[in-house]
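2 protein chains.
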Amino acid sequence: MDWNRYDAGACSVSRTVGILGDRWTVLVLREVFNGVRRFGEIQEHLGVSKSVLTQRLQQLVDDGVLERQPYQEPGDRARHEYRLTDRGRDLRPVLVAMMDFGDRHLSGGEPPVRLLHRDCGQQVHAQLVCDCGHRVETGREVAIAPGPGAEPLAG
Amino acid sequence: MDWNRYDAGACSVSRTVGILGDRWTVLVLREVFNGVRRFGEIQEHLGVSKSVLTQRLQQLVDDGVLERQPYQEPGDRARHEYRLTDRGRDLRPVLVAMMDFGDRHLSGGEPPVRLLHRDCGQQVHAQLVCDCGHRVETGREVAIAPGPGAEPLAG
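Protein chains in written order, with this note's numbering: chain A, 1 to 155; chain B, 1 to 155.
Derived from the structure by calculation, the hints contain no laboratory data. Hints may contain errors.
What the hints assert, rightly or not - Beta-carbon label-pair distances, calculated as ranges:
| hint | chain 1 | residue 1 | chain 2 | residue 2 | range |
| --- | --- | --- | --- | --- | --- |
| 1 | A | Ala143 | B | Asp7 | 26 to 32 Å |
| 2 | B | Val61 | A | Gly40 | 36 to 42 Å |
| 3 | B | Arg140 | A | Pro74 | 27 to 33 Å |
| 4 | B | Gly35 | A | Gln59 | 29 to 35 Å |
Unchecked claim - What the simulated footprint calls covered on chain A by chain B, stretch by stretch (three residues with Cβ under 8 Å from a Cβ of chain B suffice, anywhere in the stretch; the number is not a length):
| hint | region |
| --- | --- |
| 5 | 20-26 |
| 6 | 31-38 |
| 7 | 50-58 |
| 8 | 84-91 |
| 9 | 94-107 |
| 10 | 113-124 |
| 11 | 130-144 |
Quick reminder that beta carbons are idealized off the backbone N, C-alpha and C, glycines included.
Excised from the complex, chain A in its bound form (with noise of 0.2 Å):
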């Protein structure tokens, strides 16, 4: 597939980074899927402004990745918690990807926090493998091809 000759906005990858947004949208998610899904703890953890945490929570919700949940402290007022939805769980990879890339590359060596598997405690990797059950290693081992929503560019 020569790449160039393609619509370069039909692909899932732009799709993906315009739900992703910027990096306080991918620091937002990262909260959630660590279990620290209040408002006020996202904030204060963050170190982000109110507006830009309301508008990025918006927008998650929006795009149907977080959803509101009412809970309600004695002697307070309710509120509301963000849960991933399903769809925001199919994130997950992307996550761990970048997880994976920042332990090797910029963590000199201790990565900070490790993502275990409950069964056998091993650590979890976003790993490339075929849907024949292949682990591809490099680059070479893969070719890129148009798909059904391909859109080839004129002439």
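Model the placement of chain B on the given structure of chain A, informed by the hints.
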């Protein structure tokens, strides 16, 4: 691990997001992964301004993700094209995980591009697996734990 009690900046996701930067950076990387490597070609294909593209490419070179290689067309001056470094190639799972998500949720059942394993022709995905080789299918199967680089907050 109570993530809220650790420094939010000591995180490999956060560090990788610092390299991936914004939407344009990811799209430039996608171009290079897909074999579109020359400044003019990337610029035309993405419809990005020269100044934005120059800045993003320079940043990716500075971060050790891309490297410049000279090339020269007959009768033309010497130019550079951009190649992934070994470090850059390690970002492939991030882009494949984004592609998987977009294929599944944002492409109306018609993925634009297929990533195929050359050996068997089957599609390649970013799959969560643990070091024992178990496939991890749901978030309930994973737990986070502090690694050697974790930074507990005071108090």
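**Request:** Against the structure, test the hints numbered earlier, and report the numbers of the ones violated in rising order.
**Result:** Hints 1, 7 contradicted; others consistent.
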